Amino acid sequence: MAGMADKARRRILAILVASSALVPCVAAAQDSVTVAGYGGAMRKGFDAALVNPAAQKLSLKIRSETHSDLPSIRVQVQSGAPAWDLVHLGGDECARGESEGLFEPLDLSKIDDASVPAAARGKSWVATNYYSVVLAWRTDKVKQPPKSWADFWDAKAFPGRRAIAGLAQETLEIALLADGVPKDKLYPLDVERALAAIKRLKPQIGVFWTTGAQSTQLIKDGEVDLIAIYGSRVSPVIEDGSAVQFTYDQGILGYGCIAIPKGAKNAAKAKELALAMVSPEIQANIIEKMDNYGPVNAKAYEVRKFTSEQLAKTNSSPQNAGKQVLIDAAWWAKNGDKAEEAFKSAILQ
Amino acid sequence: MTGMIAAASSGTADASYFARAERREAWSFALLALPGLVVIGLLLIVPVGWLFVLSFIGKDGGVSLENYARLAQPVYVITFVTTFQIAGIVTLGSILLGYPVAYLLSQLSPRAAAICMIFVILPFWTSVLVRTYAWLVLLQRRGLINSWLVSLGIINEPIPLVNNFIGTTIGMLHVLLPFMILPLYSSMKTIDGDYLKAASSCGASPMRAFWDVFFPLSRPGLFAGTVLVFILSLGFYLTPALLGGGRVSMWSMQIATNVSTYSNWGAASALGVLLLVVTIAILAALNKVFRVDKLYGGR
Amino acid sequence: MKVPVSIRGLSKKFGSFEALKDINLDIAPGEFVTLLGPSGSGKTTLLQVLAGFVTPTSGSILVAGEELLTRPPHQREIGLVFQNYALFPHMNVFENIAYPLKLRRLPRSEIETRVRGALDMVRLSQFIDRPVDKLSGGQKQRVALARAIVFEPRILLMDESLSALDKKLREQMQIELRHLHERLHTTTVFVTHDQREALTMSDRIAVINNGALIQFDTPRAIYDRPRTRFVADFVGETTFLPVELGTSGGASVFGTPLRLPDHAGAVAAAQSDSWLALRPEKLALSPAASPETNVNSFSAVARETIFQGDSLLVIAGFPDGQSIAVRLVPQEANRGLVPLPGQPIHINVHRNDSILVSGDV
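Residue numbers (the numbering used here), protein chains in the order written: chain A, 1 to 349; chain B, 1001 to 1299; chain C, 2001 to 2361.
This is chain A alone, in the form it adopts within the complex (with noise of 0.2 Å):
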């Protein structure tokens, strides 16, 4: 059997070089480059602001693609030949992946802590976006703006349905920024702690919404009166002119991040479009096209001048990334599933 499959990849090759000289210059001129992330309005702003960029300067081809998780991604490298070269990923599934061994090393010499945190980069990712999960809240129901998790929690002061996320990732952040548990010393997560947190914010609470879609319809439609959201997610419903606001305070900043598949057949591209997307000049971009995320290169800030009001849409600008916490991508991927778990039981029960 293997033998017989051998057989039919050599001649298919064979036919692929063959076809490929008689087209010599065409394929040559431009590298291409597959880039598989996630889908939706998210997507058009990472692509405008890092992809086309960074492969304009490279002069790459880019060719989009769309992936369902980490699980998807090992099922290639597993296969011994990913189509994608190129990842989008959540922080802790970048971590997750290291750990597996799942990607290409990348070469980060040139990036400091001054630039990039060490937190958001590891030895074969680098994170490429901050995004925020912030507290929202309806000022038609909410007569006093709230401040903290702490308010949030707080129901004789803050009256109103409550809505937070069903997954656990920041969610047991938030619960115990909310106990008084310091900024600083979140990490390692006290589970049982959050936990317990929440079970006493339950009665208030009217749903754990599950995708973001329907955290914007919650709020957006009044369903719920207060809700920790992706700030991504909250702003379009401020700008329709619904009577939302929402506040940085004690925001959690998560990262998205960039990976190579082991074994993908552009890696040397895909590595090189990678520092292209992290460097200063391009992160740039995520200040003027991306609202409510944020360049994760702090250099970023340097390489122009940005106005007032875009820089106080960047959730990792100075006056906005002091307020937040930043997750540790890491303490995810090694205890997510166990909290995970806690966390549905804790919400069933």
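Derived by calculation from the structure, the hints in this document are not laboratory data.
For clarity, every value in this text was computed on a predicted model and none was experimentally measured.
Accuracy of the hints is not assured; some may be wrong.
[To be verified] No more than 25 Å apart at the CA atoms, straight line, and that leaves these computed lysine-lysine pairs for BS3-like:
{"id": "1", "chain 1": "A", "residue 1": "K338", "chain 2": "B", "residue 2": "K1189"}
{"id": "2", "chain 1": "A", "residue 1": "K185", "chain 2": "A", "residue 2": "K338"}
{"id": "3", "chain 1": "A", "residue 1": "K183", "chain 2": "A", "residue 2": "K323"}
{"id": "4", "chain 1": "B", "residue 1": "K1059", "chain 2": "A", "residue 2": "K262"}
{"id": "5", "chain 1": "A", "residue 1": "K199", "chain 2": "A", "residue 2": "K147"}
{"id": "6", "chain 1": "A", "residue 1": "K147", "chain 2": "A", "residue 2": "K123"}
{"id": "7", "chain 1": "B", "residue 1": "K1059", "chain 2": "A", "residue 2": "K334"}
{"id": "8", "chain 1": "C", "residue 1": "K2134", "chain 2": "B", "residue 2": "K1189"}
{"id": "9", "chain 1": "C", "residue 1": "K2134", "chain 2": "B", "residue 2": "K1288"}
{"id": "10", "chain 1": "A", "residue 1": "K323", "chain 2": "A", "residue 2": "K305"}
[Unchecked claim] Rough simulated footprint, nothing fancy, chain C against chain B, three-plus residues with beta-carbon under 8 Å:
{"id": "11", "stretch": "1189–1198"}
{"id": "12", "stretch": "1202–1216"}
[As the list claims (entries may be wrong)] Quick list of simulated restraints, FRET-style, between CB atoms:
{"id": "13", "chain 1": "B", "residue 1": "A1256", "chain 2": "A", "residue 2": "K265", "range": "51 to 59 Å"}
{"id": "14", "chain 1": "A", "residue 1": "I238", "chain 2": "B", "residue 2": "I1280", "range": "46 to 54 Å"}
{"id": "15", "chain 1": "C", "residue 1": "R2116", "chain 2": "B", "residue 2": "F1124", "range": "52 to 60 Å"}
{"id": "16", "chain 1": "B", "residue 1": "T1190", "chain 2": "C", "residue 2": "V2301", "range": "55 to 63 Å"}
{"id": "17", "chain 1": "A", "residue 1": "K338", "chain 2": "B", "residue 2": "A1256", "range": "31 to 39 Å"}
{"id": "18", "chain 1": "B", "residue 1": "T1126", "chain 2": "A", "residue 2": "T66", "range": "19 to 27 Å"}
{"id": "19", "chain 1": "A", "residue 1": "S79", "chain 2": "B", "residue 2": "T1126", "range": "35 to 43 Å"}
{"id": "20", "chain 1": "B", "residue 1": "F1124", "chain 2": "A", "residue 2": "K338", "range": "38 to 46 Å"}
{"id": "21", "chain 1": "C", "residue 1": "K2013", "chain 2": "B", "residue 2": "F1215", "range": "31 to 39 Å"}
Glycine is no exception: its CB is placed at the ideal position from the N, C-alpha and C atoms.
Chains B and C: place on chain A using the hints.
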């Protein structure tokens, strides 16, 4: 044709000829069934077998029961109970709502029944996603129903109709009701009106005649509908995910979480195998309750 | 149980369609009455009204002097046997027959005794535990009958109950039913479109057409003295000859004065639209006109003869072209009375068999 067969068997219709002809007939039936068997084999037996094998493989790749041991965790116990609770309530609800509708349809003239049937089948033509979001619009706190009830002064505060058990049940009932009505209707359609007249002439009041005659005769449809709705309920994902508000966790959602969030195929397989086993057990139990095999004379 | 049933001015309209038109019918206690008519005549509607499944537009039905129409079907104490048996498929023979008794909350032992009694009566005792789908058509019919009589109903209704059976079985069941009725004497209303069945079984026959009762009489009277052309035609083979009425009250056919029966009203019934109804088996042939004074004799020409096993049918033609059938029994045929085609003959009928009927309905 006869000539050819006769020639092949050297012209005599002896015992061996008939044996051969019989075999040939048996083979031709087997050939006809072959495509179906292949499809079932490839799409059902093989994946289920694979699932079964996977469920006994631990994280380190060796044979282990760790995937099943995991199922003792509270989250799975709760999910298991919730899943069967919801499936049971939805099934019961669909019987209570569907039986009278099917009865009405079966008593209508064929023309009127055909028109009404369109309304039963109509939901099939809309995507489950759209219908589920429609319920959200109707049921949520500032949705149509709560707005009306509040403006009519029936209630002061909006009542929580969605993002909970109730909303999930309503949404699932809506999606699954046709699966109850259709088999019930087709089974009721075959019940001769003379049976009821006969019961009546025997002295049975309309109520007695219904329970003694019509209801038992509609049992095959009721069984088919119950099984369909129950089994489909067990595997529901989208509706509880959207209308449950994160508080209603169904079995299929746990399977999905295990695959997509934890990338744990072994645990997901164990969940699948357990669901399959319990479902088969329930099917067998339902068959006993409805005694479908005994209907029409107990063969 | 013997009760009289009196149907008074019963009408039923479905929209503008009159299914029953002012039916008046008195059934004697214990009588076996057959409603006979073609399909669509209204006989089944009448049965459904009796059973309580159709509400009449107007009228009254008195059973032993008490109004039946105001009772719901299940309180009418009427046994009903359907054409398609309508045995409950989820019950076996015993359960089917026991069902009316269970509804009446009889003690178990009595139910057992009465079910066995009813099964004995229809000669099916050994089938008591059979599932009903394991029975033949005739057996099903007997179980249906047993179920209808086991609770001793005041009236037994049978709707085309034998028509699903094959001819031999049907004739056997007719006789059995007759015997059963002689034992039980339950007032029975039997609906059929089969005239022979009606003649075989009934004490009296009610002929119904277009929703109206045409004639209500004993089988012999219905057959021998039909009042209308419809009844004569429906009950047996008949040739109709046009009757000319003379000014003096006499009647003639083809110019030959008719000799009519003795019984009163025969001529009085004659109207402008009158017909002489002749039954093939009541006719005789002769080479010349019969000299007998009690016989009407018409000249005709033989056309053909048809062998039918138990009899011989001679088809003859009258001068005006109309044909007539004459049935000869084999003895007559053996006596050389079979005419050849084209041979002039005379057709003779006794004056008592010369039936005058009116043409309408």
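Structure-based check of each hint:
no.: 1; hint: K338/A - K1189/B; result: violated, 54 Å
no.: 2; hint: K185/A - K338/A; result: holds, 21 Å
no.: 3; hint: K183/A - K323/A; result: holds, 10 Å
no.: 4; hint: K1059/B - K262/A; result: holds, 21 Å
no.: 5; hint: K199/A - K147/A; result: holds, 21 Å
no.: 6; hint: K147/A - K123/A; result: violated, 37 Å
no.: 7; hint: K1059/B - K334/A; result: holds, 15 Å
no.: 8; hint: K2134/C - K1189/B; result: holds, 23 Å
no.: 9; hint: K2134/C - K1288/B; result: holds, 23 Å
no.: 10; hint: K323/A - K305/A; result: holds, 22 Å
no.: 11; hint: 1189–1198; result: holds (count 5)
no.: 12; hint: 1202–1216; result: holds (count 10)
no.: 13; hint: A1256/B - K265/A: 51 to 59 Å; result: violated, 31 Å
no.: 14; hint: I238/A - I1280/B: 46 to 54 Å; result: holds, 52 Å
no.: 15; hint: R2116/C - F1124/B: 52 to 60 Å; result: holds, 53 Å
no.: 16; hint: T1190/B - V2301/C: 55 to 63 Å; result: holds, 59 Å
no.: 17; hint: K338/A - A1256/B: 31 to 39 Å; result: violated, 18 Å
no.: 18; hint: T1126/B - T66/A: 19 to 27 Å; result: holds, 26 Å
no.: 19; hint: S79/A - T1126/B: 35 to 43 Å; result: holds, 38 Å
no.: 20; hint: F1124/B - K338/A: 38 to 46 Å; result: holds, 42 Å
no.: 21; hint: K2013/C - F1215/B: 31 to 39 Å; result: holds, 35 Å
Checked against the numbered hints above, the structure breaks hints 1, 6, 13, 17 and satisfies the rest.
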